[in-house]
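Peer 1: Each chain is listed here by its residues.
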Amino acid sequence: MTTNSLTTSPGAGRAGDKVFSGAAMAAGCLILAVLFGVALFLVVQSIPALTAQPEQIQGGHGFFAYIGPIVVGTLIAAVIALVIATPVSVGVALFISHYAPRRLASGLGYVVDLLAAIPSVVYGAWGAAFLAKEISPAYDWLANNMGWLPIFQGPASATGKTILTAGIVLSVMVLPIITSLSREIFLQTPKLHEEAALALGATRWEMIRMAVLPFGRPGIVSAIMLGLGRALGETMAVALVLSSGVLTASLIQSGNQTIAAEIALNFPEASGVKVNTLIAAGLVLFVITLGVNMVARWIITKHKEFSGAN
Amino acid sequence: MSKRIDVKDLNVYYGNFLAVEDVNINIEAKSVTAFIGPSGCGKSTFLRTLNRMHEVLPGARVEGEVLLDGDNLYGPGVDPVTVRSQIGMVFQRPNPFPTMSIRDNVLAGVKLNNKKISKGAADALVEKSLMGANLWNEVKDRLDKPGSGLSGGQQQRLCIARAIAVEPQVILMDEPCSALDPISTLAIEDLINELKDQYTVVIVTHNMQQAARVSDKTAFFNIAGTGKPGKLIEFGNTHTIFSNPTQKATEDYVSGRFG
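Line by line, the protein sequences give chains A and B.
Heads up, the first sequence is in full-length UniProt numbering, so the first residue is 1 and it goes up one at a time.
Heads up, the second sequence is in full-length UniProt numbering, so the first residue is 1 and it goes up one at a time.
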């Protein structure tokens, strides 16, 4: 007999392995299939809008003349949100992870997470009914004193329902995302590196700059990208807060529109090519988000050598 | 550029737990002092109190005095940041900053407190510090590469270079070779021998041969049992501790009968 005794393995235990790897594989394939399906749907449904005669599209100058201003509006709102939310979030995350006494830190972390649980329509209502009214005197001040800057050109909107208000509401909405992720990253800073900095005579802030922030950088970038994803795609809050209109440079006048809000406001009554146009707008949003994520990946890998992962 | 350390009646607590009890020790300038003892006897804890690094742990506190050339580290108004800039530390596991290049790692401590340093002076300091850590020849061509790309022993010497770049009075080493292979350990031990020409060196080690090889004086710490505080049992010339200790516990430990 030349049978190798090692080839006869006890069968038990292997079945679980196979089931698990099969399940993991199926999950992986499913997510790809869903993504592909959505992309395919967007592309196929967009084609009529892209090939339509210019006068068939809303505005009468073709699809790109239609989509251009709302792409810019979307980006403006998202940038405002991130410019406000990023420093605040990183600050709050650092306070929770490295400054606050433990009991306060856990309470504060809980409150921040709670912010994420508030439905966006509530934020929208708050922004439209409260914030817009309260903030319009500030817009008047900006128009009077900083009006020479195109972004603060007057006259300010009397209702306060401007793209800046929408951006501020969005910033409150993305704040918990960036804060929670950054906080988790900061808490994972190796003790070893924090102690290395402290042992050199670093103050707490210097230790944070030397050990915590560099270590957390890729995580902060990812957190900002997730926040950006939410800001780009947020629909309800913008639809409620923003009194939309044509593209304007001034952030404190009514005007501008975002893709997501445009789709949500017009989709119910749309028909024919209009539906295709809105879906094409969705495709553009999809492509923007994809592009942003790729840029973020690229930023992270560019610094891989120094990431501490090696 | 080196100072002596005198410790008077030092107790170390974690919360209400007394971790190290009543240590009195005089560490000479420009010498190597080794702390030996079984695990958990408080020698690392005690070492950390010599530059207030124990304060990183919540609830850790001390009673008593640690005098650096007569100045109490725990005196009112003394900033731990100042203490640590004068008393450097090298850790058990090499911990160069992974996000910094070799050069920036060496300069990390120097650039603290917003100190400005010209490029020429920085280059000279990097070379001097890496020379002082016996690392210059191995890394001079790749100063801009990340420090985490070096071998463990090289990383540890980089950490020593980083510590001596700020020209401290004292260098504390917490089991600096325990994560290293024998060749790298030898390189560090040779380095310790050279460092004592300029610095006061205090080293905690699990390795008794290492203590015998590198130190001038040795302190033996022991613990009576779990939950009891660690104590300094005997302190004297290394040769005496290893050949003719006065305490029975020391003799048992250095002869390998326990621990």
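Hints in this document: simulated from the structure, not taken from any laboratory.
Treat the hints with care, as some may be off.
Covered stretches of chain A, going by a simulated chain B footprint (3 or more residues, C-beta under 8 Å) [unchecked claim]: (1) 221-230; (2) 272-279.
One side of the interface only, derived from the structure: several residues of chain A facing chain B at Cβ under 10 Å [to be verified]: (3) R14; (4) L187; (5) P190; (6) K191; (7) L192; (8) H193; (9) E194; (10) E195; (11) A196; (12) A197; (13) L198; (14) A199.
In silico BS3-like pairs for lysine-lysine, Cα to Cα no more than 27 Å straight-line [what the hints assert, rightly or not]: (15) K196/B with K228/B; (16) K145/B with K302/A; (17) K128/B with K196/B; (18) K140/B with K119/B; (19) K3/B with K140/B; (20) K191/A with K119/B; (21) K128/B with K116/B; (22) K302/A with K119/B; (23) K115/B with K145/B; (24) K191/A with K248/B; (25) K116/B with K145/B; (26) K302/A with K111/B; (27) K119/B with K145/B; (28) K191/A with K111/B; (29) K231/B with K302/A; (30) K231/B with K3/B; (31) K8/B with K196/B; (32) K191/A with K18/A; (33) K30/B with K128/B; (34) K140/B with K111/B; (35) K140/B with K115/B.
Remember, predicted model here, so these are calculated numbers, not experimental data.
Here a beta-carbon is modelled for each residue, glycine too, at the ideal position from N, C-alpha and C.
Peer 1: All hints, please: hold or fail.
Peer 2: Verification of the supplied hints:
| no. | hint | verdict |
| --- | --- | --- |
| 1 | 221-230 | violated (count 0) |
| 2 | 272-279 | violated (count 0) |
| 3 | R14 | violated, 38 Å |
| 4 | L187 | violated, 15 Å |
| 5 | P190 | holds, 8 Å |
| 6 | K191 | holds, 8 Å |
| 7 | L192 | holds, 4 Å |
| 8 | H193 | holds, 6 Å |
| 9 | E194 | holds, 8 Å |
| 10 | E195 | holds, 6 Å |
| 11 | A196 | holds, 4 Å |
| 12 | A197 | holds, 7 Å |
| 13 | L198 | holds, 6 Å |
| 14 | A199 | holds, 4 Å |
| 15 | K196/B with K228/B | violated, 34 Å |
| 16 | K145/B with K302/A | holds, 14 Å |
| 17 | K128/B with K196/B | holds, 16 Å |
| 18 | K140/B with K119/B | holds, 16 Å |
| 19 | K3/B with K140/B | violated, 31 Å |
| 20 | K191/A with K119/B | violated, 31 Å |
| 21 | K128/B with K116/B | holds, 18 Å |
| 22 | K302/A with K119/B | holds, 26 Å |
| 23 | K115/B with K145/B | holds, 24 Å |
| 24 | K191/A with K248/B | violated, 38 Å |
| 25 | K116/B with K145/B | holds, 23 Å |
| 26 | K302/A with K111/B | holds, 25 Å |
| 27 | K119/B with K145/B | holds, 18 Å |
| 28 | K191/A with K111/B | holds, 21 Å |
| 29 | K231/B with K302/A | violated, 51 Å |
| 30 | K231/B with K3/B | holds, 24 Å |
| 31 | K8/B with K196/B | holds, 24 Å |
| 32 | K191/A with K18/A | violated, 39 Å |
| 33 | K30/B with K128/B | holds, 19 Å |
| 34 | K140/B with K111/B | holds, 21 Å |
| 35 | K140/B with K115/B | holds, 24 Å |
In the structure shown, a violation is registered for the earlier hints numbered 1, 2, 3, 4, 15, 19, 20, 24, 29 and 32, in ascending order.
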